[in-house]
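Novice: Protein chains in written order, with this note's numbering: chain A, 248 to 467; chain B, 831 to 1073; chain C, 184 to 399.
Treat the hints as calculated values from the structure; they're not laboratory data.
Check the hints yourself; a few may be wrong.
For lysine to any residue, the following SDA-like pairs were computed, each having C-alpha atoms within a straight-line distance of at most 25 Å [claimed, not checked]:
id: 1; chain 1: B; residue 1: K1009; chain 2: B; residue 2: A941
id: 2; chain 1: B; residue 1: K938; chain 2: C; residue 2: L314
id: 3; chain 1: B; residue 1: K988; chain 2: B; residue 2: Y843
id: 4; chain 1: C; residue 1: K297; chain 2: B; residue 2: E960
id: 5; chain 1: B; residue 1: K858; chain 2: B; residue 2: T902
id: 6; chain 1: A; residue 1: K301; chain 2: C; residue 2: L314
id: 7; chain 1: B; residue 1: K1016; chain 2: B; residue 2: M831
id: 8; chain 1: C; residue 1: K297; chain 2: B; residue 2: E883
id: 9; chain 1: C; residue 1: K365; chain 2: C; residue 2: P228
id: 10; chain 1: A; residue 1: K365; chain 2: C; residue 2: R393
id: 11; chain 1: A; residue 1: K301; chain 2: A; residue 2: L374
id: 12; chain 1: B; residue 1: K906; chain 2: C; residue 2: R393
id: 13; chain 1: C; residue 1: K297; chain 2: B; residue 2: L882
id: 14; chain 1: C; residue 1: K297; chain 2: B; residue 2: M1019
id: 15; chain 1: B; residue 1: K988; chain 2: C; residue 2: T385
id: 16; chain 1: B; residue 1: K988; chain 2: B; residue 2: G1050
id: 17; chain 1: A; residue 1: K301; chain 2: C; residue 2: A199
id: 18; chain 1: C; residue 1: K297; chain 2: B; residue 2: Y843
id: 19; chain 1: B; residue 1: K906; chain 2: B; residue 2: S889
id: 20; chain 1: C; residue 1: K297; chain 2: B; residue 2: K1009
id: 21; chain 1: B; residue 1: K988; chain 2: B; residue 2: N903
id: 22; chain 1: A; residue 1: K301; chain 2: C; residue 2: W387
id: 23; chain 1: A; residue 1: K392; chain 2: A; residue 2: F325
id: 24; chain 1: B; residue 1: K896; chain 2: C; residue 2: P228
id: 25; chain 1: B; residue 1: K939; chain 2: C; residue 2: Y311
id: 26; chain 1: C; residue 1: K297; chain 2: B; residue 2: K858
id: 27; chain 1: B; residue 1: K858; chain 2: B; residue 2: Y843
id: 28; chain 1: C; residue 1: K297; chain 2: B; residue 2: R1033
id: 29; chain 1: B; residue 1: K988; chain 2: B; residue 2: R1033
id: 30; chain 1: B; residue 1: K988; chain 2: B; residue 2: M1019
id: 31; chain 1: B; residue 1: K1016; chain 2: B; residue 2: L904
id: 32; chain 1: C; residue 1: K297; chain 2: B; residue 2: T902
id: 33; chain 1: A; residue 1: K301; chain 2: C; residue 2: T385
id: 34; chain 1: B; residue 1: K906; chain 2: C; residue 2: K365
id: 35; chain 1: B; residue 1: K906; chain 2: B; residue 2: Q886
These numbers were taken from a predicted model, which means no experiment stands behind them.
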Amino acid sequence: MKYGLQFRDIFAAWESILDGVLTTLLLSACTMVGGLVIGVACAAAKVYGPGWLKRIVTVYVEVIRNTPLLVQLFLIFFGLPSFGLRLDGLTAAIIALVINLGAYTTEIVRAGLEAVPKAQVEAGHSLGLSGLQVFRYIVMFPALKAMFPALASQFVLLMLATSVVSQISVQDLFHAASIVQSRTFRDFEVYTVIGVLYLGLAFAFRGLFAGIYYMAFVRR
Amino acid sequence: MSLVEIHGISKSYGTVQVLKDVSLDIAKGEVVAVIGRSGSGKSTMLRCINGLEPIQAGSISVDGVKVNDPRTNLRKLRQEVGIVFQSFNLFPHLSVSDNITLAPRVVKKQAPDAAREVAREVLRRVGLEEKLDAFPSQLSGGQQQRVAIARSLAMRPKVMLFDEVTSALDPELTGEVLKVLESVAKEGMTMILVTHEMGFARRFGSRVVFMHEGRIHEEGQAAAVLAEPKTPELQTFLSAVLH
Amino acid sequence: MIRTFGTIDVLYLIAAARWTLALTAAAFAGSAVIGLILALARISPIAPLRWFTAAYIHVVQGTPLLVWLFLIFFGLPLIGISVNPWLAAAVAFSIYGSAFLGEIWRGALISIAKTQWEAGASLGLSLYEQLRHVIVPQSIRVAIPPTVGFLVQLIKNTSLAATIGLVELTREGQLTAAGTYKPFAVYITVACIYFAMCFPLTQWSRSLERRLDVAR
Chain A
248 MKYGLQFRDI FAAWESILDG VLTTLLLSAC TMVGGLVIGV ACAAAKVYGP GWLKRIVTVY
308 VEVIRNTPLL VQLFLIFFGL PSFGLRLDGL TAAIIALVIN LGAYTTEIVR AGLEAVPKAQ
368 VEAGHSLGLS GLQVFRYIVM FPALKAMFPA LASQFVLLML ATSVVSQISV QDLFHAASIV
428 QSRTFRDFEV YTVIGVLYLG LAFAFRGLFA GIYYMAFVRR
Chain B
831 MSLVEIHGIS KSYGTVQVLK DVSLDIAKGE VVAVIGRSGS GKSTMLRCIN GLEPIQAGSI
891 SVDGVKVNDP RTNLRKLRQE VGIVFQSFNL FPHLSVSDNI TLAPRVVKKQ APDAAREVAR
951 EVLRRVGLEE KLDAFPSQLS GGQQQRVAIA RSLAMRPKVM LFDEVTSALD PELTGEVLKV
1011 LESVAKEGMT MILVTHEMGF ARRFGSRVVF MHEGRIHEEG QAAAVLAEPK TPELQTFLSA
1071 VLH
Chain C
184 MIRTFGTIDV LYLIAAARWT LALTAAAFAG SAVIGLILAL ARISPIAPLR WFTAAYIHVV
244 QGTPLLVWLF LIFFGLPLIG ISVNPWLAAA VAFSIYGSAF LGEIWRGALI SIAKTQWEAG
304 ASLGLSLYEQ LRHVIVPQSI RVAIPPTVGF LVQLIKNTSL AATIGLVELT REGQLTAAGT
364 YKPFAVYITV ACIYFAMCFP LTQWSRSLER RLDVAR
């Protein structure tokens, strides 16, 4: 069987695809902010908090990191309505993604905080700095620098993983693929184009993070 | 014909020239001590002799075989040229016996039993026969370096290179390694040593080569060169290391 | 037909987990074969080989697993290659996994000091012999903890095979949820089963890592 590759119909549907790109970007951006907030809070709790709080955070992190994102998403979107909590797809998606990313971010931030040698902290205290000052002037910068690369690659993975939200009918980039596919029946071309777009987004994010890293940690 | 012939070799890392037109001939059975400040190019020259570092000009040959010729089988050449490193570089996952027999078994296709006999023999020569089945991590630095020497000896090389083999050791451990070097020298091995041990160079070196800024600055019979250095650079160097 | 979510459904879900494990095993085998080739190519002295594999890894790590899954399952039949869900999933996971496993193993290989290669070369060992006798035995210890961690990622990722209709744990969960109208109970059960498979591996990976740190 001969099959001529043909992309014209797919590019004709550029509006659906652009919508998808924008939704994926929005989803990723919201998730990164939310995940980072949760991650920083939980990491702080795990490093500096009381024992019971540490245990709660540990349970959260382990449960999320040892179950699939897709199941977490289904649980929130299909499961929560059993308790009368009905969320629209986008809200459910953002909640699931933030909870998911938060767990990974927690571990990365914690590792970053612990990468600062104890002797540095002790030196700060011995100079008479308060706990907050030690954090502000001694711990924060090297910790941020240590955690940044891992955080950046986790964020890129997250952006790619947002594609699963198409499974609860959120109209992201991957969902756009199925719309175009149902109009053109050109699956091979559709998924190739979508794949290339994701690749472009991944490169853009990597470039952005590399730029931030350079501006914040190398150039100064 | 000399066993090792170095003719006008030059080498650069990027824009930094580390060897400038270096020539040196070493006869069979000679023990040559190469001295000089760090960064003078002495270790680099040593590593060029067994092809670990490529050279950009000149030529090196060992027993008539050109090192810097693409047609030369470097693997074969390296079986004839032993090298012992400053940091021992024993294989941490292998026992002493396996460290020594690996190359004889894999490269020379010796039978395991025969290779183990060789291992026992070379370990006896460095005074560590009882450590045959120990692991490197169970040995002191001095013992590890003696095993590294034994590992080289097991290949029955024609010439042995020693790259600051006592520099990584605590002072109280250098003696045992120097003693092993002495006995290897007495057996008639051709040796080139990059070293800071002036006493050793004087007693056992048939020749001393002083390197300075990538060149051979002064050379000659060991006792004479060390007792009466001619150039101010060597005088400065010697007074710095001896005091 | 609406039925209740009972013990029998839980047992069905647990039974479906065997397909998750089977898919994980197939995907791991595929990832390991390709990943080993990638890792070796990435450290080879032949520059074009390094560039090509680096590009492969960049592309695969820059696209979602779902795209690979759909491209292979829905796309290949159109150009005349028919695939069933199992084959499609195994191939997609192998392509995707190999890029990650390849990088993990490359990291383990280059964690071994350059002086170990030199010591091998100085004794007359060939490049292959240096790898086989000196480098690989040492890097395996380094590679095992992250490889176990990779296995956990793989188990979780196999849930995406549900989207092409392969009946493994997540798909069985979807079917059960549709039949019982008890999605919360069903997906909690599914999550618990995943947790039971992944958590012990996560802990194992961590203890291996700690042991490695102590040994250093």
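Novice: Check each numbered hint from earlier against the structure, then list the numbers of those it violates in ascending order.
Specialist: 1, 3, 4, 6, 9, 11, 12, 14, 15, 17, 20, 23, 26, 27, 28, 31 and 34
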